[in-house]
Structure formats: C-alpha cells, structure tokens
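Colleague: Number 525 in the working numbering belongs to position 39 of the sequence shown; there are no gaps in the numbering.
For the record, the hints were derived by calculation from the structure and aren't laboratory data. Please read all numbers here as calculations on a predicted model, not as lab measurements. Yeah, the Cβ is synthetic: ideal placement off N, Cα and C, and Gly gets one too. One or more of the hints may lead you astray.
In the DSS-like style, the derived pairs of lysine-lysine whose C-alpha atoms are separated by at most 27 Å in a straight line are [what the hints assert, rightly or not]: (1) Lys597 with Lys633; (2) Lys801 with Lys835; (3) Lys1040 with Lys1030; (4) Lys1032 with Lys699; (5) Lys703 with Lys1032; (6) Lys801 with Lys812; (7) Lys817 with Lys802; (8) Lys548 with Lys586; (9) Lys772 with Lys801; (10) Lys703 with Lys1040; (11) Lys846 with Lys776; (12) Lys1055 with Lys699; (13) Lys772 with Lys846; (14) Lys1065 with Lys1055; (15) Lys627 with Lys616; (16) Lys586 with Lys627; (17) Lys597 with Lys1032; (18) Lys616 with Lys500; (19) Lys548 with Lys500; (20) Lys586 with Lys597.
Restraint ranges, calculated between C-beta atoms of paired labels, are given here [unchecked claim]: (21) Thr645 with Asp786: 52 to 60 Å; (22) Asp518 with Trp1043: 42 to 50 Å; (23) Glu909 with Ala498: 54 to 62 Å; (24) Ser781 with Val850: 25 to 33 Å; (25) Glu984 with Leu1063: 47 to 55 Å; (26) Glu837 with Ser858: 26 to 34 Å; (27) Glu909 with Val808: 51 to 59 Å; (28) Arg863 with Trp1043: 18 to 26 Å.
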Amino acid sequence: MTTTAALVFNDADKLGFVASVDTSRIYINVADHSLLARVGVGNLVAIQGQTAQEFLIGMVEKVTRLTREQVMIYESEEQAALPSDSQEDTIRAVLVGTYKTIEGTSSNIFKRGTDSFPQIDRSCFIITSKNLQQLMGLLAKDLAPDKRLQIGHYVADRTATAVADGDRFFQRHAAILGSTGSGKSWATALILERASNLQYPNIIVMDMHGEYKPLTKKFGGYASGLRIAGPGDLATPDDDVLFLPYWILNREELLSLVLDRNDQNAPNQASRFTTQVRRLKENTLKTEGKNDVLSTFTVDSPIPYRLEELLEALKKDNEEMVPGAKPNTEKQGEWYGKLTRFISRFETKMEDRRYGFMFKPPPVTLAYDWLSALVSRLLGADKSSPGIKIIDFSEVPTDVLPIVVGVFARLIYDVQFWLPPEERTPLTIVCDEAHLYLPARDDADVVAKRALEIYERIAKEGRKYGVSLLVVSQRPSDVSRTILSQCNNFIALRLTNEQDQGVVRRLMPDSMAGLVDILPLLDVGEALVLGDSVLLPTRIKLEKPKLQPSSATKNFWTDWGAAPSAPHKFSGAIEILRKQTRTSTPPSTVASPTPPSSP
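With the hints as extra help, turn the sequences into a complete structure.
Modeller: Rendered as structure tokens:
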C-alpha cells in the first residue's frame, strides 16, 4: 500500500542548508535569497532528517541579512583597494517537532520533540501554502472529537483551525496571561463557552469585578450566577447570594482577621480563643448527637457555633475573678485583662456590615446540614443545575479578599480529597485577577499567606484529586511563582512589561524562551499558545466568544467628545457609597437635589 506524504517540498521551497547545530537550535545559510522576504519570526521551516521520510520541524526565531565589505588587495601596492559587497542571509530556528511520512503502521505523523539532530548541509525548506495547511491539520489529526478544545485559527494559516487537547489543558493547570486590553477576558470567556457545550462541565469562576455577569443565565447565558453577600443583602438575601459564615474558617484563617500579632498578649489571646472555639464546637456535636464525629474532630473542623456565645465566654474570661490565697478574698483570673483588645477588634469586625457575609449570616447557616447544601450547590453539575458557576466577589472588602477566596478553594479541595476516588468529578477553579490574592510570597501579608497556602497546595497536589487551576492575570510578575511554575499550559497574550515577559520566559523551556520576544507585538486577541495541550507552540488568533464579558475598555476620547457627564447622577452614587451596596435603580434615575432658594 502506497502512502501519500502530507508534506511535499520542491526546489521553489528550498531555503538553503544547515550551517550549525546547537542542541535544540539550528542555523541555516540561505541559498535562495529571494525567499528570505517570505520568512518571518514564528514561521515554520522543515529540515531533512536522517531519511527521506523524515523532516525536523523548526520555528524561526531570528532572520538576518548581512552585507560584508571585503577588501581585495592586489599584488601591486600602487593599485587602490577595491571594495565589493557580498550578501549573507541566515536564519536561526528552534526545533519543535518531527514529521514522519511512515512510522511503523502509521502514516503522516507529527510528534513533539526530536529523536535526532539534523546533520550539517542538510536541505532546509520553508513551510507555506498547502504544506502549512497539511501540517496544521496533522496537529489535531489523532485527537478524539470529545477531547477537542477549539480556540481559534493559526496566524500563519487562517484557514487552519487551532485545536488543543481539552483533557491536558485542564488537568495539568493552565494560565491566561496578558496586559490590560490584550483580550485576556475574551480568552477566559472563550474557554468557558467551549466547556459549556459539554454535558456536565464543572468550573467555578472567582470573578473579582463582576465582569463575567453577562455569561450567567440571568442575562441569557449558560452559567449559574452567584455572589458574595454585600451590606444590602443581610436583611433579605436573594437566592443567588452566598454567605461564608465564620465557623467555616479554620483557626489560622479567623485569627489572621482579628489577632494583632504585635500585641504582647497575642499568644494568650490565640490560646484562649482556640480553647473556647473547640468547646463550643464540641457542644454542638453533643447537641446534634454526632458521637462518631465527636471522637475525632479538631478545632479546625467546620462545625457551627454561635459567635455571640464565643464573645460572651471570652468576656467572662477577661473579667473573671478567682478566690485569693486568703479566705474571703479575690484575685484576678488567669486571663484577666489580657483579652480586652482582642475582643474589641472582634466586635469591630462584627459591627462592620461589609463583613456581614461572614459575621452576620442568616440563622439558617447555623444548621448542621447547611454546609452540605452549600457544597452541593457549588460542586453539583447535572441537567438541573449549570456546571459552570460564576461567583461575584466584587463587594468583598479587599483586606479579607484573600481569606474569602482561600476558604472557598480549601473547602472545595477538602471535599474532593475526602470523596472516594470513584465518586470524584473533576473540577477547575478559574482564578480571575490572580495577582490580587495570590501574590508572590515575598509580598504576601498574614492574610494573603493563608490563601497562598491552599492554592499552592492545589497547584502541587490537586491533579491527584481532580482539582485544577486556571490562573488569569495581567501581572504575572506579581503572582506566586510556585503556582505559575506548576502550570503546564499557557495562553500568553500581549505583554508589554519587561518583568512580566521575564516571568513567562522563565516558565518556558530554554529552547522556547526566544518566542517571548514576540509578546509585545501581538494584536488584540492574538496569543502564543504552548504547553502539554498543544503539539506545536505557535501564534494563534483566538475566536471571539459569542457572549462577551463586560470588560471593554472605555473610549475616553470619543466619550469626551460626545457624552456629557450630568451632575445630577452623582447624588445616587453617593447614596450607594454611604449604604455600601448597589441598588437595582440606576443612579441616573435618582432625582437631582433641589438647589437652595435665593435669599
């Protein structure tokens, strides 16, 4: 049986010959100088392998044309030196894969990496037109239809569809990185849109600014929209409002919010807090008759208790007088006066309505079975409930944001960890604006470190238990190195900051580091996609999602020239600011204040 080769080269495609080989890079001397104008950074070239059926595929990193001035010295010293120009064209390419016409019983195979290095003087060809289309088609040829994640089209050939392996993309962590306005939110929405076409996707999006709201069912989308309760939701919360009661937080998380480590009594405060919380949780288990849990629980176990009872117990400790050494005398107890500042800080947090989602949850959250209902709502994915959940964190105070997103991730991870392996459904957490709560460890305060610990643990071990991360950030240089280093797939959009480019360069294999140089030049919606999910790292034009997030950049100059900024609309905004909650009534409909009458 004759095999028809997918890649066929002729003399018109021949660039030149291999001049130098340096591990993963090759240098090509261009013989046909007219072809150099058709070669650019990111283009593909083919190098003849050890057999006629094998070609090594390289990606162009650098194209050089030099004009050398050679001085020809004649025998007669009286004759003038005559300069002449000679042209030298070179191409530097990095080897990315191997194409074989036949390998065993298979034909037209492309695989990542190389089994051998090219030899000096081997012929080199430019890959264009039909050959380029054929090669791009081979990249997804063996990918099963149910694994295909279509993300756009190749810039080198707009007729070829760019497809990634959906399993590899999600199971080995991924990152979407790009400067503001580069199309980062588009890319995220596109991935979510593709996942929504599956029967039972399971994705939780940590939406920091509410920009993915248009993707929710409330606005005609495909995702379930939830939001963390704001100050205006405490009295009559809607169905889409989530509370995160204090008793879900473990000891370290709660202490990081209310304990001042610089207080000289901090060790005493932490010790007494721990003892009293454990006692209250023990009382709950006894009341509920949970004797099996009673024998093994810890102070970190998520067991409900009343915050008022905790403060009452701490105040009693702080004011307790005990019998003195002499009859009918009293002396200050062990904790007398040592908890005053701790209690004051705790009460201040409780009274601040911005923290109401944590310290003023509705009574139903004190039910023993309430946590099971919350987890089912977050992790459930069936025909009656959308598997993609977008959680709006925009009303969460910035000082506790790391704790809140950390608790969500820890809760999800712990449930997956303790589920029997056969009952685990894979889950991905989308960390939108990750630099806000997953900072580089050197920049993390006490609160941020609590979130970092759980996300870094997921990055290192989550794949074993069916939990993966999709990190989204405009400042990769500000994101935890540990988390980014565990990501095996990258969609890198335009990055103009040198520090951010340096982070991406360090995350890539040495042979691919040169590709980072094109990041500042990418157009909006263009990305460099590489990792385990794609065979060939290449430049891709991402498709626009049908439903786009509300993250469009304002047209400053156009708006200044066309739309007035009416003074009356600000009175409504001031009232919202005072209430610390958004209302359903647009600020522009609020009546303007009546001007004072003239004297």
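Colleague: Run every hint past the structure and note whether it holds.
Modeller: Now the hints, each set against the structure:
Of the supplied pair hints, the one linking Lys597 and Lys633 holds, its CA atoms being roughly 18 Å apart against a limit of 27 Å. Restraint check: the Cα-Cα separation between Lys801 and Lys835 comes to about 16 Å, which is no more than 27 Å; the hinted pair holds. For the hint pairing Lys1040 with Lys1030, the CA-to-CA distance comes to about 19 Å; that is within 27 Å, so the pair holds. About 14 Å separates the Cα atoms of Lys1032 and Lys699, which keeps this hinted pair within 27 Å; it holds.
Simply put, Lys703 and Lys1032 have alpha-carbon atoms about 14 Å apart, close enough for the 27 Å limit, and the pair holds. In summary, the hint linking Lys801 to Lys812 is supported, as the alpha carbons are separated by about 26 Å, within the 27 Å threshold. With a CA separation close to 15 Å, the supplied pair Lys817 and Lys802 stays within the 27 Å bound. Restraint check for Lys548 and Lys586: the C-alpha separation of about 26 Å stays at or below 27 Å, so the hint holds.
Under the criterion of a C-alpha separation no larger than 27 Å, the hint pairing Lys772 with Lys801 is consistent with the structure, at around 24 Å. With a C-alpha separation of about 26 Å, the suggested pair Lys703 and Lys1040 falls inside the 27 Å cut-off, and the hint holds. A threshold of 27 Å between alpha carbons decides the hint, and for Lys846 with Lys776 the separation of about 26 Å falls inside it, so the pair holds. Distance check on the hinted pair: Lys1055 and Lys699 sit about 24 Å apart at the alpha-carbon level, within 27 Å; holds.
A distance of roughly 24 Å separates the Cα atoms of Lys772 and Lys846; the hinted pair therefore holds under the 27 Å criterion. Pair hint Lys1065 plus Lys1055 holds up; C-alpha atoms about 16 Å apart against a cutoff of 27 Å. Restraint check: the Cα-Cα separation between Lys627 and Lys616 comes to about 16 Å, which is no more than 27 Å; the hinted pair holds. With a C-alpha separation of about 14 Å, the suggested pairing of Lys586 with Lys627 holds against the 27 Å cut-off.
With a CA separation close to 33 Å, the supplied pair Lys597 and Lys1032 exceeds the 27 Å bound. With a CA separation close to 15 Å, the supplied pair Lys616 and Lys500 stays within the 27 Å bound. Distance hint between Lys548 and Lys500 is fulfilled; the C-alpha atoms sit about 18 Å from each other, no more than 27 Å. Between Lys586 and Lys597 the CA atoms are separated by roughly 9 Å; this keeps the pair inside 27 Å, and the hint holds.
Range check, Thr645 to Asp786: about 56 Å between beta-carbon atoms, so the 52 to 60 Å window is met. Separation of Asp518 from Trp1043 is about 48 Å and conforms to the stated range, judged on CB atoms against 42 to 50 Å. Range check, Glu909 to Ala498: Cβ separation about 60 Å, and the 54 to 62 Å hint holds. At about 28 Å, the beta-carbon gap between Ser781 and Val850 stays in the expected band of 25 to 33 Å.
At roughly 38 Å, the beta-carbon separation of Glu984 and Leu1063 lies outside the given 47 to 55 Å, and the hint is violated. Distance hint for Glu837 and Ser858: a CB-CB separation of about 30 Å, consistent with the stated range 26 to 34 Å. As the Cβ distance of Glu909 to Val808 is approximately 52 Å, the hint placing it in 51 to 59 Å holds. Between Arg863 and Trp1043 the beta carbon distance is about 45 Å. The supplied range of 18 to 26 Å is therefore violated.
Comparing the model with each earlier hint shows violations of hints 17, 25 and 28; every other hint is respected.
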